[in-house]
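A.B. asks: Chain residues, written in single-letter form:
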Amino acid sequence: MSELTDLYQEVILDHNRRPRNFGTLDGASHHAEGYNPLCGDRLRLFLRVDGGVIGDVRFEGSGCAISKASASLMTDSIKGRNVEEVRRLFERFHRMVTTPPGQDVEDLGKLSVLAGVREFPIRVKCASLAWHTLKAALEREPLTSTE
Amino acid sequence: MTRLRAPRFGEAGPGAPRFGEPGPGAPRFGEAGPGAPRFGEPGAVAVREPRGFDAGRIRADFPILGRQVRGRPLVYLDNAATTQKPQAVIDALAAYYSEINANVHRGVHELSERATDAYEAAREKVRRFVGAGSAREIVFTRNATESINLVAHAFGDPAIGEGDEVVISAMEHHSNIVPWQLLASRRGARIRVAPIDDRGELVLDALEALLNPRTKLVAVSHMSNALGTINPVHDIVKLAHARGIRVLLDGSQAAYHMPVDVQDIGCDFYAATGHKLYGPMGIGFLYVKESAYAEMEPFLGGGDMISSVTFEQSTWNEPPHKFEAGTPDVGGAIGLGAALDYITAVGLEEIARHEHDLLDYGTRALESIDGVRLIGTARRKASILSFVMEGVHPHDIGTIVDRQGVAIRTGHHCAQPVMQRFGVPATARASLAMYNTTADIDALVDALGRVRELFG
Chain W
1 MSELTDLYQE VILDHNRRPR NFGTLDGASH HAEGYNPLCG DRLRLFLRVD
51 GGVIGDVRFE GSGCAISKAS ASLMTDSIKG RNVEEVRRLF ERFHRMVTTP
101 PGQDVEDLGK LSVLAGVREF PIRVKCASLA WHTLKAALER EPLTSTE
Chain Z
148 MTRLRAPRFG EAGPGAPRFG EPGPGAPRFG EAGPGAPRFG EPGAVAVREP
198 RGFDAGRIRA DFPILGRQVR GRPLVYLDNA ATTQKPQAVI DALAAYYSEI
248 NANVHRGVHE LSERATDAYE AAREKVRRFV GAGSAREIVF TRNATESINL
298 VAHAFGDPAI GEGDEVVISA MEHHSNIVPW QLLASRRGAR IRVAPIDDRG
348 ELVLDALEAL LNPRTKLVAV SHMSNALGTI NPVHDIVKLA HARGIRVLLD
398 GSQAAYHMPV DVQDIGCDFY AATGHKLYGP MGIGFLYVKE SAYAEMEPFL
448 GGGDMISSVT FEQSTWNEPP HKFEAGTPDV GGAIGLGAAL DYITAVGLEE
498 IARHEHDLLD YGTRALESID GVRLIGTARR KASILSFVME GVHPHDIGTI
548 VDRQGVAIRT GHHCAQPVMQ RFGVPATARA SLAMYNTTAD IDALVDALGR
598 VRELFG
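Here the protein sequences line up with chains W and Z, keeping their order. Residue numbering for the first sequence follows this note's numbering, beginning at 1 and increasing consecutively. Residue numbering for the second sequence follows this note's numbering, beginning at 148 and increasing consecutively.
Please keep in mind that the hints were generated in silico from the structure rather than gathered at the bench. Just so it is clear, CB atoms sit at the ideal spot from N, CA and C, and this is done for glycine as well. Wrong hints could be hidden among the right ones.
[Said to hold, decoys possible] Derived Cβ-Cβ restraints for the label pairs, each shown as a range:
1. 250(Z) to 104(W): 42 to 50 Å
2. 81(W) to 215(Z): 41 to 49 Å
3. 27(W) to 570(Z): 28 to 36 Å
4. 338(Z) to 14(W): 40 to 48 Å
5. 102(W) to 411(Z): 57 to 65 Å
6. 514(Z) to 85(W): 47 to 55 Å
7. 338(Z) to 87(W): 40 to 48 Å
8. 102(W) to 258(Z): 46 to 54 Å
9. 538(Z) to 109(W): 23 to 31 Å
10. 2(W) to 596(Z): 17 to 25 Å
11. 213(Z) to 100(W): 27 to 35 Å
12. 338(Z) to 52(W): 43 to 51 Å
13. 258(Z) to 100(W): 42 to 50 Å
Just chain W, same shape as in the assembly (with noise of 0.2 Å):
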């Protein structure tokens, strides 16, 4: 059962109840919609980005806990970044979710609760698809999909 309070950890719960710059963003400059068909998540993400700075941030959408917890704690970790430093980022977590559990992962420190996605192979997607539409927001693509 570890596993399990592992992955549920009270931060991701309190994510998943009240998520953190949970809405849409007046004067977005970047903005993409991500999509598990695994689950059916859907998430819209709005950027605003200043002289390479993300300026601001907000998501909306539905999803497991997993993925609406992810992304409202990566909104909170990506505020006031430089883009160059949230692509690596973008790296640096997904290094983390996708190296096999028991293996020592870099500690990303909030966002290192998500580590307890490796026990559950099927849930990384979850875990990642605000990043990937982060990515795609930043790409300047319109829609993205973790499949």
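Put chain Z on the given structure of chain W with help from the hints.
C.D. replies: Okay, now just chain Z, sitting in the frame of chain W:
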């Protein structure tokens, strides 16, 4: 305990039973040996209670049900996706490949003859199982999806043209939507969708209102995989036939839950899949009413479906072979035959009654949990408990109950329009089969308690 078990092929000694024919004195399905009562008959080893059904005895025939997952005994409630296989089916597959494997319909040698006999004997078992008039009317396919695609091409292409219409329902599986969309785009035809109500029942009047001189086919499920609704197929056929419209029924879900008699229903096409009938994956069938054959062109071209081939032209073999191009899944067909024998020995009436009792039990159990709402509450339904839980996404439910050893399906169940109709992104779905028990439902309820604990 005696296992229901297929007779072995080629058993040594004079008078050994030929493939698929139990010889004199050989144990039949469900018999403990000569003179033993058949399953479910008075005097059977486990005496039946008035409403009793010996699921425990049946469970023993399914080896996979004895295994553990996640360190707990498996509670398998994903039967609408696929059912588990009894030992008799596993034995039949192994025996086919160990003893008589050969290609069919072409060799003069002993094995080819025996494989052909066994393959055609399996076709006869399917015929009997669905009540078709002749084995000619049974086409083997890979699955129900292929059966429906076969109709979309072989019947649809010649019979359905520009401006013609195909009527489906709002509860269809993607496999009974997409082939018609493809046909519609090939032929310039149009799909009309009969609505369902809040209980998940087909609105029959609305379906009737859609029928018009341009309607060339009504294609609906006999039973919904997402909701469990059983459709009034006799009425649908009557309405369509009164206007000269052919009817295809998708029997993927219905066929393993209730007795099916295609002649009594009167449908023109009946599609089903073997892996939900406790048979192997990769084998399915299509019933085609004899009179419909005259309107059908070949589907796939190749060996076995021809009678003669020259570079200028070819002529077609007789049905059903005309629609079975290439080497078929002979072992799969034989495995399916063994599965149908097994189901028949247990008795579909008994299975339906048992599953219905279980559905009632499960419905009450789920409704008693705070925040759980059933999706699909048709007055006539079978074996499907689709539900949502307030504040918890179905995907999270699936993950958490899986860790208690409970296998359910979560998602859109290949029926996205049904999810849209009920305004949910997905549901959790527990689906029942003959070997499920109230203990399985109790395990699900306990596991849902764990979901509540985690999510508060």
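A.B. asks: Decide, hint by hint, whether the structure agrees.
C.D. replies: Going down the list of hints, with the structure as the test:
no.	hint	in the structure
1	250(Z) to 104(W): 42 to 50 Å	violated, 55 Å
2	81(W) to 215(Z): 41 to 49 Å	holds, 46 Å
3	27(W) to 570(Z): 28 to 36 Å	holds, 31 Å
4	338(Z) to 14(W): 40 to 48 Å	holds, 45 Å
5	102(W) to 411(Z): 57 to 65 Å	holds, 59 Å
6	514(Z) to 85(W): 47 to 55 Å	holds, 51 Å
7	338(Z) to 87(W): 40 to 48 Å	holds, 44 Å
8	102(W) to 258(Z): 46 to 54 Å	holds, 50 Å
9	538(Z) to 109(W): 23 to 31 Å	holds, 27 Å
10	2(W) to 596(Z): 17 to 25 Å	holds, 18 Å
11	213(Z) to 100(W): 27 to 35 Å	holds, 30 Å
12	338(Z) to 52(W): 43 to 51 Å	holds, 49 Å
13	258(Z) to 100(W): 42 to 50 Å	holds, 47 Å
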